[in-house]
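Undergrad: Model the full assembly from the supplied sequences, consistent with the hints where possible.
Line order of the protein sequences matches chains X and G.
Numbered per the numbering used here, the first sequence spans residues 1 to 171.
Numbered per the numbering used here, the second sequence spans residues 1001 to 1721.
Take the hints with a grain of salt, since some may be wrong.
Claimed, not checked - Under 7 Å between C-beta atoms, here's a sample of chain X residues computed to sit facing chain G:
1) I52
2) V62
3) P71
4) R104
5) M124
6) H157
In short, the hints are calculated from the structure, not lab data.
We treat Cβ as the ideally placed atom computed from N, Cα and C, and that holds for glycine.
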Amino acid sequence: MNTAENIMSHELGLSSGNENDQFLTFIMAGEEYGVDILRVQEIRGWDNVTPIPNTPEYIKGVINLRGSIVPIIDLRERFGLARNEYGPTTVVIVVKVIDEERERVMGIVVDAVSDVYNVAEDDMKPPPDFGSVVSVDFVKGLTTVDEKMVIILDIDHMMTKDDLAGIAQNQ
Amino acid sequence: MTVDMSQFYQTFFEESFEGLDTMESSLLNLDVGAADEETINTIFRAAHSIKGGAGTFGFKAVSDFTHVMETLLDEIRDGKRLVTQETVDLLLQSVDCLRDMLTAVQNEDEIDQATVAAVQGNLEKLLNDASAGTPVEQRDDTGDEAATPEPAGEGWRIHFAPYEDLIKTGNDPVRMFRELAELGELEARLDDSQLPAFGEMDPEVCYLRWDLVLKTDAPLSVVEEVFEWVDGVCELRIEPLSSTGAEAATQEADAGSPAAPVPEAPVTNASAPAMPQRQAEPVVAENPTEAKAVTPKKKPASGGEHGSIRVSIDKVDALINLVGELVITQSMLGQIGDELDMDLDKLEKLRDGLGQLERNTRELQESVMRIRMLPISFAFQRFPRMVRDTAKKLNKEIELKLSGEQTELDKTVMEKIGDPLVHLVRNSIDHGVEAPEVREQAGKPRVGTVHLNAYHQGGNIVIEISDDGAGLNRDKILQKAREKGLVGEDEVPSDERIYDMIFDPGFSTADTISDVSGRGVGMDVVKRNIRELGGSIEVSTEAGKGSTFTIRLPLTLAILDGQLIRVGGDTFIVPLVSIIESLQADPAQINGLAGQAELYKLREDYIPIVRLYEVFGLKPKATRLEDGLLVVVEGDGQKVGLFVDDLLGQQQVVIKSLETNFRKVDGVSGATILGDGTVALILDISSLIQVSKRIGRKHRLPDEPTPEAGPDGDAATEQAA
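TA: As structure tokens, this is what we get:
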């Protein structure tokens, strides 16, 4: 794909080919994060969960999603941000996570859903080293939409080994 | 047109293994000397199907081997050979051999040629040893290639009239004739009287029939073999050239008798063009009367089989899940219906409707669950053989009694209970039943009995394995337990406890005393496997009279009878099977132990108290033992008092996995969805006890130096942080 086409499709908001992906973005503590829209299964309001004993705080519990038991993770707490009271705009984004050839379904609690953007792969910058503040493993890249920075998350890495490891290390 | 045959392999193997199982059980049922005709036919049919299938798929070694077996069976069936113990043994051996061969072919391994050759050699030897089992000198003209000398006939007259669908079954007369022509000089006369006008002709229907004259010295069986595949789809009469019509009748009956469900041969590309060419011959209506006067001699044998279909487990499980959902939705609606406030008339109608929905849903759930259920005979059927072989090896005489074979249980449970059962039965034979001489000395019949019994009791299936042997040796077990340090020198446990020790892991070592040895080896594994299935095992025994092992299993792994309990705002489910009793704690019976543990004196026993809120870090309503309830539960042979706020109702719950989307959680075996749509966790008592041992010590030490001083909420709030 040449540059002219690339710009055109970007302006028209068209998603064509692999190099131009759509991302669902959401707001957390004033920052905008994006996840691959193809991984998003549904968006639902916050509802009571059943807590799972002896799991880290950011694992809020499990819900019944049409007969499946789905864990819910608070992304603020996962990232070490201040906890937020859950309100009417608090949403749960249900995503599909693929790790080691297995598919899991999980819900992530975020402040609010924002928008859907087309991001060309070329426009995605690799994340700088944040040091130990936020693990770079969670971040796929950074991109700019309307002068604003959007952090594109890599959900496959965000919620696997650490979260799912045994109780021992989390206590 | 090429057909990818490999897609049918799986079915072939499945059917063949089933066939082998049938053969095995039928062989074991055979009365030596007076074989039941139907049983022999069943064995023959199974062998024949395997041979046919193997031939089709080109597993030549298998089909050749089966052919020899079949020949032997054929002789038995025709009454030319008596069923001797030797024959049965050899046939059983052949079944094993064939099973190995098929497994090898399935796994694309090398077939163990040496074994095959040995067994096949034995079979052939038996066959050639014509006098061995021949009851009467039957040297009639039906002659069989091996049992009787080959008839030096001039040849055969063959009347071959295919039914209309012969071609559809993938058979091609041309090929058969070609094969016949190889045997000798073949003359064919075509009868095309049934041929319709060209315009009405269906190219897939066979309208032709033939009278063949084959000049050959080949025996009847060879000629018959050519027509083997078309058995049941044609009228076939083979008579010796010299013979008259009277004898022909017997031949006809003979040729038609091997009624086996012949696996369909592949449609060869040669068959399609071959037929129309012939049908283009002049149409002459010659003998119209002969046309439909043919009554099919034998349909492909299907009457004896069950009306069943093969369905993949995934589909069934999907259905079960869906019904599980329906049950939840139904109970959700039911709850709303109960709480609704509307005018009485409508409310009444709504409640009626909901009641009906509930009944229908339950019934639906039950019938869907039943799809997964199989009679336990599937698990039992391997025992006659095993008992026979093991008893023989140990020089014991044992009769195996089976009862309740029709008792149904879940397929998964059945698969997992197989090995523990084998272990228990083998133990009964090896260590339970005594040698015949010993039995006679003890005034018991020489032949010992091992009895396998199954029946339903409540929501469980009970399987009993009993023998009339020597029973467990109480003193030896106790002595061993003392050696192992399981029992203190002065301690005298109850008999029940002593017998229960054979299930202890410490007991399962190879150096245990002869008398009890096998009863210990692997018994802990047996118990563990049964526990994993949510079941239990107990033993009762009487010295000199025998022992009985009783296994109790849930009918299915998909649902569970649960007791709902409440701690703070959370609801949990305790499997009913692990609950012994529930009680209100009496403060006077609570004792501390080294400042670390609380013990409750329940009658003679001291049981540790496990506070669920401490283990799970919850905020409870009650922290003083007398404010809540103690649920006495048992896990891994240990009793504990589970301290909870309250007991709610009992309910059957559909088990959902937490691991599908999350991971295994200690102390929890799964989750379920309650009537209101929320999720409740199902407790795993054994694992919970483990967790409590780990967590309990860690948190209690600093917080509660003296439990008697009044354990209150401190511990709980600490947990939450």
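Undergrad: Checked against the structure, which of the hints given earlier come out wrong?
TA: 5 and 6
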